[in-house]
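2 protein chains.
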Amino acid sequence: MGLYAIILAGGSGTRLWPRSRAEHPKQFLDLVSERTMLQETYERIAPLIPVQNVFVITGWRYVDDVRAQLPYIPETQVIGEPEGRGTAPPAALAALLLRERDPNAVTFILPADHVIPDEQTFRTALVAASQVANENYLVTLGITPTFPETGYGYIEAGEPLSDANGLKVFRVRRFLEKPILEKAQEFLASGNYFWNSGIFIWRADKILEEFAKYQPAMRAQLERIVSEGFDAASFSSNWGALQNETLDYGIMEKAERVAVIPLDVGWNDVGSWAALFDLMERDASDNVVHGNHIGVDTQSSYIFANKRLVATIGLENMVVVDTEDALLICPKERAQDVKKIVDELKRRKANDYL
Amino acid sequence: MGLYAIILAGGSGTRLWPRSRAEHPKQFLDLVSERTMLQETYERIAPLIPVQNVFVITGWRYVDDVRAQLPYIPETQVIGEPEGRGTAPPAALAALLLRERDPNAVTFILPADHVIPDEQTFRTALVAASQVANENYLVTLGITPTFPETGYGYIEAGEPLSDANGLKVFRVRRFLEKPILEKAQEFLASGNYFWNSGIFIWRADKILEEFAKYQPAMRAQLERIVSEGFDAASFSSNWGALQNETLDYGIMEKAERVAVIPLDVGWNDVGSWAALFDLMERDASDNVVHGNHIGVDTQSSYIFANKRLVATIGLENMVVVDTEDALLICPKERAQDVKKIVDELKRRKANDYL
Chain A
1 MGLYAIILAG GSGTRLWPRS RAEHPKQFLD LVSERTMLQE TYERIAPLIP VQNVFVITGW
61 RYVDDVRAQL PYIPETQVIG EPEGRGTAPP AALAALLLRE RDPNAVTFIL PADHVIPDEQ
121 TFRTALVAAS QVANENYLVT LGITPTFPET GYGYIEAGEP LSDANGLKVF RVRRFLEKPI
181 LEKAQEFLAS GNYFWNSGIF IWRADKILEE FAKYQPAMRA QLERIVSEGF DAASFSSNWG
241 ALQNETLDYG IMEKAERVAV IPLDVGWNDV GSWAALFDLM ERDASDNVVH GNHIGVDTQS
301 SYIFANKRLV ATIGLENMVV VDTEDALLIC PKERAQDVKK IVDELKRRKA NDYL
Chain B
1 MGLYAIILAG GSGTRLWPRS RAEHPKQFLD LVSERTMLQE TYERIAPLIP VQNVFVITGW
61 RYVDDVRAQL PYIPETQVIG EPEGRGTAPP AALAALLLRE RDPNAVTFIL PADHVIPDEQ
121 TFRTALVAAS QVANENYLVT LGITPTFPET GYGYIEAGEP LSDANGLKVF RVRRFLEKPI
181 LEKAQEFLAS GNYFWNSGIF IWRADKILEE FAKYQPAMRA QLERIVSEGF DAASFSSNWG
241 ALQNETLDYG IMEKAERVAV IPLDVGWNDV GSWAALFDLM ERDASDNVVH GNHIGVDTQS
301 SYIFANKRLV ATIGLENMVV VDTEDALLIC PKERAQDVKK IVDELKRRKA NDYL
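For the record, the sequence lines run as chains A and B. The numbering of the first sequence is our numbering, which starts it at 1 and goes up by one. The numbering of the second sequence is our numbering, which starts it at 1 and goes up by one.
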């Protein structure tokens, strides 16, 4: 079997504003290392998957960014969606493209904006997942929760299947929406629930069967797109006619042979500046500092200085992110409210800052 | 009698960093209005004093700034000190320059970095002070304290003298250093103590007598400087040889005929960003905002945005000052500690930011 990576790099995360912008979203930023999240995503699977087997599906306007950041990926394997239609269409599209090239292809669907510190274990899990996928399962990686997060969906594990590559594997009982805190606490306590990572592994032929069953219109429309080609004048309108659908809703919750491999790899989707702070190494004052900073009595804060000197006095648990044209200051515990700033900018039609 | 203003514009206030810089200190900034503090200082006395009678004594490197900001003042009346030597030398220098031009000159010594909202009452006090000065008193304006400030010197009033221009006048009993809080509270309660404004009014011939008595070496040195002229090669070394001395210590505390006119005019020396906040008009969220700001749950804060958008969430009682190359963030109650940032910049020899 051939292994293939389908990197989904079409997101436009706003919770990391002002660094993440519509023209330059999260996955193209060097948030946690010298490399961008997209580059990290590729490097993480590079030991498993030859570069000729890597596809990146992104927004049309980001195709050049992807090519610049991952110049070794064959040009025709960087595909620009005319508009975002959720995760289901690009995953099915990739399966259609692989169908003729490698009927036994096992594909890893990998969002481009995750941080996974323990890469070795992650790759072990991908190999395990590819083995389970070869038994005609749709496989997902479930992250062992470390706190009662209410911002993620959860996966409830069912009966155990055979171990794969030394890792436990379970049937999925059900997918659960973002829970209220009490529910999340129950999930955490039970040990039987895992965060939905959005990482999926399946054979191309298997997922195409599932699309035929549960999303027949979408599959037919995608067949049309592939046969007409991405250069066709009709591409944009054909794509626009697709229904917006996620893999979770559109396929995984409906399908029957679904497995989850629990994983404890320090996974983080960097959903906010506070989440990024939690990921990073602290200095002696428990700060995470990038750039030119002078702190007096400044603790447990995330400071991103761009070119300017950032001087802080008496800050604790704060986020300061300075960019060329915009500056954000907020307590870490309000980091989710960055969305409110972005909403206000949209209301003001202040597109330069979006 | 002719009235003359001697504006002292040589300060290099650091507590308003990062806007106030060594190359562009507080008095040259438009902190409270469209006009700079120097311009405000001049405009405030312009109704009383013809422009030909206004002198500005500043640092050498600021002469061009003064001329640019006050272009109507005769060029020869903008005098650049080679180095700062306290307030005593420039005041005596001005008196020497006026001695021949107008032996009865009454001079107002006016720091260039004060805010005085009630200008009408202030000018009434200057006229009163000029009358008292004509009775051979050294006169100072004492600001009625509104809280137990520990950052100012105080003046204790003694026996009352005759009213002048409708205002009370007292002999000065003594000048007091910056007090501890308990003392400041006593001063406030007694009603007999006033903040030392650093504004002085006297006849040129009278102050020269006092310098002859209490600062004879300084006076002799200044006579030499005036006779040799400010263009002389010797100016810089002659000036450098002067002792560092303030009017308060060097003259006022020693002299005998010293009077104070109490004044309640909303005076403020803008000694910190918090002091500036207190001066300014607030918006509906009790913020003082300059420039492009989006605030979510942001209250009672001072926000100075330069060119960048400043977005804040959940801030209360904070100071944010953004400039081209440096950004300050601190709680208002820590505004005095801006000095620590400046000290650290000096330690690092980061002169670009000083």
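Derived from the structure by calculation, the hints contain no laboratory data. Mixed in with the good hints, there may be bad ones.
Which copy is meant is left open, so a pair is good if it fits within one copy or across any two.
No farther apart than 30 Å at their CA atoms in a straight line, the calculated lysine-lysine pairs in the DSS-like style are these [as the list claims (entries may be wrong)]:
| # | residue 1 | residue 2 |
| --- | --- | --- |
| 1 | Lys-254 | Lys-213 |
| 2 | Lys-307 | Lys-340 |
| 3 | Lys-339 | Lys-213 |
| 4 | Lys-307 | Lys-339 |
| 5 | Lys-349 | Lys-183 |
| 6 | Lys-340 | Lys-206 |
| 7 | Lys-332 | Lys-178 |
| 8 | Lys-168 | Lys-349 |
| 9 | Lys-307 | Lys-213 |
| 10 | Lys-254 | Lys-168 |
| 11 | Lys-213 | Lys-178 |
| 12 | Lys-183 | Lys-206 |
| 13 | Lys-307 | Lys-254 |
| 14 | Lys-349 | Lys-307 |
| 15 | Lys-332 | Lys-349 |
| 16 | Lys-206 | Lys-168 |
Nothing here was measured: the structure is a model prediction, and the numbers come from that model.
Identify every previously stated hint that the structure contradicts and give their numbers, smallest first.
Hints 3, 5, 6, 8, 9, 12 and 13 are the ones this structure does not satisfy, whereas the remaining hints hold.
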